[in-house]
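Two independent chains are provided; combine them into the complex using the hints.
Chain residues, written in single-letter form:
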Amino acid sequence: MSKSDNTAKKTGKSFLSMFKRLFVRDKVITNRLDEEAIRTPMKVIFLKLVRNKMAIIGFSLFMVNLLFAFIGSLIFPLNEVYIEITNRNLPPSRNFLNYPSELNDMNIVKIASGVSFSIALTDDGNLHVWGTESSVRLEGETSMIFDIPEEVQDAHIVDVVVGMRFVIVLDDEGNFYGWGEAAHNQTEIPSDIRRLMAVNRTTEIVKISAGAMWSSVLGNNGYLYLWGSFQAQNNYIVPYEAQGRIVDIASGENNMILLLDDGTVMPMGVRGTEFFENVPEELMDGSVNVVELVATNRNVIARDEQGNLYIWGSRIDGLHRFPEGFVPDKIIDIAAGLRNFIIVKENGEIIVWGAEELRQLNLPRGIEDSGVVRVFADMFQFYAVDEESNIVGAWGNRGYIFGSDENGRDIFTRLIHGGRVSLTVGVIAVVIATFIAVIIGLISGYFGGWIDHTLMRIADIFDALPFLPLVITLSFIIGDRLDQTQRLYFIMILLGVLSWTPLARLIRAQLLLEREKDFVLAAKALGIKQGGIMFKHILPNVFNFVIVSVTLSYASFILMESALSFLGFGIREPTPSWGNMLTSAQETMVIRHFWWRWIIPAIFLVAAALSINMVGDALREAMDPKSEER
Amino acid sequence: MLIKYVIKRIIILIPVLFGISIVLFTITKIMPGDQVRSMLPTNIRPEVYDQMYEAMFRRLGLDRPIYIQYFSWLYNFLFLGDFGYSSVFNRPVVDVISEPLKNTIILNLSVNFVYLLVALPVGIKMAVKRGSLFDNSWQVFSLAAFSIPSFFLALSLIFIFSVTLGWLPISGMPNTLFLEGWDLFVGWIRHLTLPVTTLVIISLAGAIRYIRNAMIDALSQDYIRTARSKGLSEKVVIYSHAFRNALIPISTIIVGVVFTLFAGAAITETVFAYNGIGRLLVQAVVARDRMLIISMNMLFAFVNVTAILAADIVYGLIDPRIKLK
Numbered sequence: 001m002s003k004s005d006n007t008a009k010k011t012g013k014s015f016l017s018m019f020k021r022l023f024v025r026d027k028v029i030t031n032r033l034d035e036e037a038i039r040t041p042m043k044v045i046f047l048k049l050v051r052n053k054m055a056i057i058g059f060s061l062f063m064v065n066l067l068f069a070f071i072g073s074l075i076f077p078l079n080e081v082y083i084e085i086t087n088r089n090l091p092p093s094r095n096f097l098n099y100p101s102e103l104n105d106m107n108i109v110k111i112a113s114g115v116s117f118s119i120a121l122t123d124d125g126n127l128h129v130w131g132t133e134s135s136v137r138l139e140g141e142t143s144m145i146f147d148i149p150e151e152v153q154d155a156h157i158v159d160v161v162v163g164m165r166f167v168i169v170l171d172d173e174g175n176f177y178g179w180g181e182a183a184h185n186q187t188e189i190p191s192d193i194r195r196l197m198a199v200n201r202t203t204e205i206v207k208i209s210a211g212a213m214w215s216s217v218l219g220n221n222g223y224l225y226l227w228g229s230f231q232a233q234n235n236y237i238v239p240y241e242a243q244g245r246i247v248d249i250a251s252g253e254n255n256m257i258l259l260l261d262d263g264t265v266m267p268m269g270v271r272g273t274e275f276f277e278n279v280p281e282e283l284m285d286g287s288v289n290v291v292e293l294v295a296t297n298r299n300v301i302a303r304d305e306q307g308n309l310y311i312w313g314s315r316i317d318g319l320h321r322f323p324e325g326f327v328p329d330k331i332i333d334i335a336a337g338l339r340n341f342i343i344v345k346e347n348g349e350i351i352v353w354g355a356e357e358l359r360q361l362n363l364p365r366g367i368e369d370s371g372v373v374r375v376f377a378d379m380f381q382f383y384a385v386d387e388e389s390n391i392v393g394a395w396g397n398r399g400y401i402f403g404s405d406e407n408g409r410d411i412f413t414r415l416i417h418g419g420r421v422s423l424t425v426g427v428i429a430v431v432i433a434t435f436i437a438v439i440i441g442l443i444s445g446y447f448g449g450w451i452d453h454t455l456m457r458i459a460d461i462f463d464a465l466p467f468l469p470l471v472i473t474l475s476f477i478i479g480d481r482l483d484q485t486q487r488l489y490f491i492m493i494l495l496g497v498l499s500w501t502p503l504a505r506l507i508r509a510q511l512l513l514e515r516e517k518d519f520v521l522a523a524k525a526l527g528i529k530q531g532g533i534m535f536k537h538i539l540p541n542v543f544n545f546v547i548v549s550v551t552l553s554y555a556s557f558i559l560m561e562s563a564l565s566f567l568g569f570g571i572r573e574p575t576p577s578w579g580n581m582l583t584s585a586q587e588t589m590v591i592r593h594f595w596w597r598w599i600i601p602a603i604f605l606v607a608a609a610l611s612i613n614m615v616g617d618a619l620r621e622a623m624d625p626k627s628e629e630r
Numbered sequence: 001m002l003i004k005y006v007i008k009r010i011i012i013l014i015p016v017l018f019g020i021s022i023v024l025f026t027i028t029k030i031m032p033g034d035q036v037r038s039m040l041p042t043n044i045r046p047e048v049y050d051q052m053y054e055a056m057f058r059r060l061g062l063d064r065p066i067y068i069q070y071f072s073w074l075y076n077f078l079f080l081g082d083f084g085y086s087s088v089f090n091r092p093v094v095d096v097i098s099e100p101l102k103n104t105i106i107l108n109l110s111v112n113f114v115y116l117l118v119a120l121p122v123g124i125k126m127a128v129k130r131g132s133l134f135d136n137s138w139q140v141f142s143l144a145a146f147s148i149p150s151f152f153l154a155l156s157l158i159f160i161f162s163v164t165l166g167w168l169p170i171s172g173m174p175n176t177l178f179l180e181g182w183d184l185f186v187g188w189i190r191h192l193t194l195p196v197t198t199l200v201i202i203s204l205a206g207a208i209r210y211i212r213n214a215m216i217d218a219l220s221q222d223y224i225r226t227a228r229s230k231g232l233s234e235k236v237v238i239y240s241h242a243f244r245n246a247l248i249p250i251s252t253i254i255v256g257v258v259f260t261l262f263a264g265a266a267i268t269e270t271v272f273a274y275n276g277i278g279r280l281l282v283q284a285v286v287a288r289d290r291m292l293i294i295s296m297n298m299l300f301a302f303v304n305v306t307a308i309l310a311a312d313i314v315y316g317l318i319d320p321r322i323k324l325k
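For the protein sequence lines, the chains are A and B, in the order given. Quick note: the first sequence uses the working numbering, first residue 1, plus one each step. Quick note: the second sequence uses the working numbering, first residue 1, plus one each step.
For reference, chain B alone in the conformation it holds in the complex (with noise of 0.2 Å):
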C-alpha cells in the first residue's frame, strides 16, 4: 500500500522536475554574455582564437538546435552524472560541488542537532504549562526571532563573540590541512558555533510555536482526558499519550527543516564566508558561471522535490489513519 502510494507520489513528481529543469535552461539561455567565449584563454592570435572558438562551439554542441540541446543536458545530467565544465572553476561542476556540499551537510546536521534537542522539550513545556511565564518569554522569543533578518542575527553574533569578546573566528572554515585530530574537531566546532547557532535561532522561531499548538491540540483530546481519569501520572499523560499523537504534524515541519536549510542558508554562509553550497552558489550567480547556476538549481530542486516526498512518505508512515489516495 505505502509503495504503491510512493510511487503514485514519485510520478506526479516528475513532471515537476521536468518543469524546473526547462525554466532553468531557458535561464541559462537568456543569460547574458558568450559561454564560448568564458571558456577560451584571451591572449592568443585572432586566426587561432578563431579556430578555438569553432571548436569549442561545435564541442559545446551549441550548433544543435535548442531543444536537442536541452535533452542531450538533460541525458548527461540524469543518466551519465556529467554536471557539465564549470568556467570559473576550470574544473567538471561535479568536484566544484562535492567539497561545498559536504559543509554544507555537516552544517545542516548539527543544526538540526541542535534545534531538536531544543525546539521539541521547549515546545512540550510552553504547551503543558501555557500562559505561564516561561510560555510567555518563549512566545516573546519567537516574535523576535521571526523579525530578525538572519544576516543581522549573524552580524550581531559576529560582532559580539568575535569582534568584542573575540573568543570565535569571525568567519571562514577550520584549516584541514594543518590540522588533525582532536584539534581539527575543535576548529570544526569553533568556526560551526555562530553560524548554527545563528540558523538554530531563525528556525527555532516558527518550531516552538508549531510544535506547542500541536501539543494543545492534542492535550484537548477526549483521550488525554481518559488517560488522566484513569489516573496516570502526568508524565506518562504528556509524553505516551499526547506527545505520539502531535508528532504526526511535527514530523512535517522536522523534515521540512532539514531540507530547507540546504539552500536557505545561503546567506548566513555567506556572511560568515562558510564555504558551504549556499555561498557558492552566490559566488557562481555572480561570476555567470551557467554550467554550475543550472546544476546547482536542479540539485537544490531535487532537494526540494525530495522534502516533499519524505514528509508524504514520513506523514503516512506515523500516522495509519492517513488514507493513501
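Pulled out of the complex, with its shape left as it was, chain A reads as follows (with noise of 0.2 Å):
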C-alpha cells in the first residue's frame, strides 16, 4: 500500500472518530471489569452481526421484500382469474391520463381513447396525443401511435376514432387517414371497399368507426363498409337489406349495432349473445323512434324520440340494466366505455357502473360540481369536460407502474401476490427439510449403532434420488391431480422431504464430537434422562449449525420453487408466483420486447435470494469462531 493511501485512510478515520465524539455518545469504559466482562456467545453473535455491513443490508433489503409481498398483498388484493386482454402487454408507466395542459386554452371536439394513449381533436382540426406508446417498434416499418403521419398533420381533422392500438381519421374535406398498429390493414381503405363504394355511389364518408382490429366507414347514401379482422366472427357482412337505410352505428371491440333511418336499430355481431338477441322489440318493430345508440363491447344503451332509455345485452358487469335508483331524466350525455357506462344529468351528476377493476368508478373529488356537460369514454379512460370545453377531470387505467403481462394482468399486483406465495413456499418446505433433518440427526448421532446404520442408509437413499428430474416427474404426475392449494403444499413438501439430507448429516456428526464431551456425561451422572440430554444440553450445542443452513437453504428453496415453476412444474397459472410469472420469457419475442414481463419478476426473485444469503453468509461468519482468520 503506498503512503498517500495510508494518510488517506488515516485521515477518514480521525474524522469518522472526530464526528463521532461530536453527534454519538461513545460508550466510555469505566473500569477494567466491564472491559473484560464475559459476554454470552448469543451476545457476541449478535454484536458481530450487528457490526457487519452485510447482514444488515441483506437483513433490510429481505424485510423489504417482506412487507412488499405480505402487507403489499393486503393493500391490493388480487382477483386471480381476473384477465384483460385488450390491455396485454402495454409498459411500465402511470400517465395515461396526463392530457397535455395546452389543451385547456382550446375548445376540444372529440377526445378518443385507446388501451394506454388518449388523443383530442380541437376545433382548429388539430391532434393531440398523450399517454403511452401501445405497440412495440418491430423492424422496419412499424407505425407508432405518436409518431402522426405528416398528411395528418397538415389536414384539417373533423373527426377521429381509436380502435384498440391504432387511429383513423377523417378530414374536411372527407379523406380517410389512420396509423398505429394494424395487423388487419384497419387503417386505409381497402381497394375492394373502394370498388364497392363506387359501385352504390358513396360519394362521400360521413362517420368512420372502429374495433378491436376493425374500421368502418359509413357513406352519405346509407352504406357502411366493414373491414379488418373479427377474429373468426363473420359479421363483416352487413345485412343486405340495412344497407342504404343506415344513418348511425355504435359499437364496442367486436359488436356493433345500427340505427336505421326508420328509427330502429339491428344488431350485428355473435348470433345467440344477449347482445344480439335480447334487442327490445319495440325498437325493432318501428314502434318507438329511435335517436341516439351507445354502446360498451357487450351491452346498448338507446335513446328514444321521447327520451325514454333502452338497455340490453350481457349481464357481465351489470350492464344489462340501470343502476338501482336510477331516475331517466335530465340526461345531457351518455357515454360507453369498452365496460362502463356513463351518464350526465343537467346538474352535472354524474352516473357511472360497469367493471370497477380499472379504477373506472372512481370519480375523481369534486367533479360533480365543476358543471360537467359531457364525458369522453373509449376504452378504460374517461375525461369529463364542462361548457368551455376544458377537460375538468380524468379517471380509469392510470396505467401500470411494472406494465402489464400477455393477459392485461398488472404485473405490479401479481408480484406483490407472486412473493408472497414465492416466500410461503420456501419457509415452509425449509421448516419441513429442518424438522426432519435435526430429528434425524440427533436420533442418528446419540444412539449411535445399528439406529445409526438404519438411519444413515435412508439417509444413503434420499442422496442417491435424482433430486431435479424426481421433483420435475413427481410434481406433475401426483400434482396434476390437486387442486390449486393442495398443490402449492405438495410443492412445499416435496421440496422439503428431498432435501433434509445434509443437514442431517452435519448434525449427526458434530453430535459425535458433543456427545464425549464432558458435559454430557455430567448430565447422564445427575440422572437426566435421554431426551432431556439431547435437547436441553446438546441440541443448544449445534444450533448454530442448524440456523445458518436454515437461512442459506430457504434462499436456494426460493429458487428452486423459482426453477419449477418456471418450467411448469411448480406454481401453475392463475396463481402467480416469481418463477411462473418468468416462464413467458421464454418466447424470444417477450425477450426482446417486453423486457419488463421478465426483468422485473426477475430482479424480486433475486433481490429476495440475494439478501438471504447475505444474512445467510454474516451468520456463518458470525457463528465461526475461526472466522476472524478467514
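Hint data in this document are derived by calculation from the structure and do not stem from the laboratory. Check before you lean on any hint, since a few could be wrong.
What the hints assert, rightly or not - Pairs of lysine-lysine, DSSO-like flavour, derived with a Cα cap of 27 Å:
| id | chain 1 | residue 1 | chain 2 | residue 2 |
| --- | --- | --- | --- | --- |
| 1 | B | K125 | A | K53 |
| 2 | A | K48 | B | K102 |
| 3 | A | K517 | A | K529 |
| 4 | A | K524 | A | K536 |
| 5 | A | K110 | A | K330 |
| 6 | A | K330 | A | K345 |
| 7 | A | K110 | A | K207 |
| 8 | A | K53 | B | K129 |
Since the model is a prediction, treat every value here as computed from it, not as a measurement.
Below, the structure written as C-alpha cells:
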C-alpha cells in the first residue's frame, strides 16, 4: 500500500472518530471489569452481526421484500382469474391520463382513447396525443401511435376514432387516414372497398368507426363498409336489407349495432349472445323512434324521441340494467367505455357503472360541482368536459407501474402476490426439511449403533435419488390430480422431504463430537433422561449449524421453487409466483420486446435470494469462531 | 484394502438402488392415463381395436401380478439392457436416449473443463490473498451467482449476446447434417458458449468458496510454517505443500459437479433448447412417456450412486490417512 493511501485512511479514520465524538456518545469504558466482562456466545454473535454491513443490508433488503409481499397483498387484493386481454403487453407507466395542459386553452371537439393513449381533436382541426405508446417498434415498418403522419398533421381533421391500438381520422375534405398497429390493414381503405363504394355510388364518408381490429366507414347514402379482422366472427357482412338505410352505428370491440333511417335498430355480431338476441321488441318493430345509440363491448343503451332509455346486453359487469335508484330524466350525455356506461345529468351529476378493476368507478373528487356537460369515454380512460370544453376531470386506468402481461393483468399486483407465494413456499419447505433433519440427525448422532446405521442408509437412498428429475416427475404426475392449494402444499412437502440429508449428516457429525464431551457425562451422572440431555444440553450446541443451514437453504428453496414454476412443474397459473411469471420469457418476442415482463419479476427474485444469502453468510461468519482468520 | 472397501460400498449401495427402483416403478403405476391405449392407433374399427388392446395388454405383461411385472421389468432393465419402448417417440428407449446423452456429456465435459480452469487458480489466489480486493470481489461474485436462478442467467445471456448483439445463436443445436469438419466444430462452439457460460457461473459460486476455505485450512497448518521457515519459495509452499493437502476436500466437489450436471442441467438445456438428457426428461414427463421417464430416472439414480461411490474412492485414493472402515 502506498504512503498517500495510508494517510488518506488515517485522515478518514480521525474524521470519523471526530464525528462520532461530536454527535454520537461513545460508550465510555469506566473500569477494567467492564472491559473484560464475559459475554454470552449469543451476545457475541449478535454484536458481530450488527457490526456487519452485509448483514444489515441483507436484512433490510429482505424486510423490504417481505413487507412488499405480505403488507402489499393486503393493500392490493388480487383477483386471480381476472384478465383484460385488450390491455396486454403494455409497458410500465402511469401517464395514461396525463393530458397536456395546453388543451385547456383550446376547444376540445372529441377525445378518443386506445389501450394506453388518448387523442384529442380540437376545433382548429389538430390532434393532440398523450399517454404511452401501445405498440412495440419491431424491425422496419411499424407505425407508432405517437408518430402522427405528415399529411394528417397538415390536414384539417373533423373526426377521430381509436381502435385498440390504432387511430383513424377523417378530414374536412372527406379523406380517410389511419396509423398505428394494424395487422389487418385497418388503417387504410382497401381497394376492393373503394371499388364497392363506387358501385354503390357512395361519394362521401359521413362517419368512421373502429373496433378491436376493424374499421368501418358510413357513406352519405346509408351504406356501411367494414374491413379488418373480427376474430372468426362473421359480422363483416352488413345485412343486405340494412344497406342504404343506415344512419348511425355504435360499436364495442367486436359487436356493433346499426340505427336505420326509420328509427329502428339492427344488431350485428355474434348470434346467440344477449347483445344480439335481447334487443327490445319495440326498437325493432318501429313502434318507437330511436335517435341515439351508445354501446360498450357487449351492451347497448338506446334513446328514443321521447327521451326514454332502453338497455340490454350481457350480464357481465351488470351493464344489462340501470343502477338501482336511477331516474332516467334530465340526461344530457351518455357515454360508453369498453365495460362501462357513463350518464351525465343536467345538474352535473355523473353516474357510472360497470367494471371496476381499473378504477373506472372512482370519480375524481369534486367533479359533481364542476359543471360537467360531457364525458368522453372509450376504453378505460374517461374525461369529463365542462361548457368551455375544458377537461375538468379524468379517471379510469392510469397505467401499470410495472406494465401488464400477456393477459393484460397488472404485473405489480401479481408480483406482490407471487412474492407471497414464493416466500411462503420457501419457508414451509425449509421448516419441513429442517424438522426432519434435526430429528434424524439427533437420533442418529446420539444413539449411534444400528439406529445410526439404518438412518444413514436411508439418508443414502435420499442422496442417491435424482433430485430435479424426481421433483419434476412427481410434481407433474401426482400434482396433476391436485387443485391449486393442494398443489402448493405438495410442492412445499416435496421440496422439504427430498432435501434434509446434508443438514442431518452435519448434525450427526457434530453430535458425535459433542456426545463425548464432559458435560454430557455430567448430565448423565445427574440422572437426566436421554431426551432431556439431547434437547436441553446437546441441541443448543448444534443450533448454530441449524440456523445457518436454514437461512442458506431458504434462499435455495426460493430459487428451486422459481425454477420449477418456470418450467411449469411448480406453482401454476393463474396463481402467481415469481417463477411462473417468468415462464413466458422463453418466447423470443418477450425477451426482445417486453422486457418488463421478465426483468422486473427476476429482479425481485434475485433480490430476495441475495438478501437471504447475505444474512446467511453474515450469520455463518458470526458463528464461526475461526472466522476472524478467514 | 481399497478393493475391499469399494466392494463394501457397492454392497451398501445395492439396496439403495433397489429402493429407488421400487419408488420409480410405483410412480409409473400410479401415473394417470392408459398405458396400452397410448400405444395403439386410434383410427381403427372398435372390434379390431379391442383385439389389439387385448394383445398389447398381454404383450406388456399387464395381466400378470404387479410384483412379477416389477421383477420382469428390472430383469430386462439390468440384464438384457432392454429399457422398454417409448410411446411418444415410437422407438426403443435406448435409441431415444443415446443422442441426447451424447450431447449432455459434451456439454458436461466442456463445463467441467472451463470451470476447473477458472475455479482452481481463482480459489487458490483468493486464499493466498485473503482480504484483498481480488478476494472480496470474487466473494461478491460468488454471493451473486448463488442468488441468481440459472434460468434468469440464461435468459439474460440470450438477451445480451443473442438478441441485442447478435453474436451467438439464441438456442438449439449445431446442424450435424450439413456441417462437417471445421464448420461443425465452430457450430458446436457457437451453440455451446452460452449454456456452458451459464452452468460454469452457477457451479463456480460454490466451488471457489470451497476451494478457498480448503486452501486456507491447509495454509494454516503447522507444516506450512515449517516449510516457510525452511526458506522455501512461496510458490513451492503454496502449490506443493498447501495445495496438495487442500486437494483432498477439493476432489470431492470436483467429482460431485461432474455428476450433478447430468440431471441438473435440465433447466439450462430447456431454456437453450439444447437437445440434452435433461430436456428430454422434461419432454418425457410432459408427454407422460412411462418407459422413458422410468428409464431416465433410473439412469440418473445410477449416475448419482456412481458419483457417491466415485467420491468415496477418490477420497480414499488421495488421502492415505482415511481409514477404510
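Results for each hint:
Proximity of K125 (chain B) to K53 (chain A) is assessed by CA-CA distance (about 25 Å); at most 27 Å being required, the pair is judged to hold. Taking the CA atoms of K48 (chain A) and K102 (chain B), the gap is near 50 Å; set against the 27 Å cutoff, the hint is violated. At most 27 Å may separate the alpha-carbon atoms for a hinted pair to count; K517 (chain A) and K529 (chain A) meet this at roughly 17 Å. Distance hint between K524 (chain A) and K536 (chain A) is fulfilled; the C-alpha atoms sit about 12 Å from each other, no more than 27 Å.
Using a Cα cut-off of 27 Å, the hinted pair K110 (chain A) and K330 (chain A) holds, with the two alpha carbons roughly 22 Å apart. The suggested pairing of K330 (chain A) with K345 (chain A) holds, with an alpha-carbon distance near 6 Å, which does not exceed 27 Å. Distance restraint check for K110 (chain A) and K207 (chain A): the Cα-Cα separation of roughly 14 Å lies within the 27 Å cut-off, and the hinted pair is therefore satisfied. For the hint linking K53 (chain A) to K129 (chain B), the alpha-carbon distance of about 22 Å falls within 27 Å, and the restraint holds.
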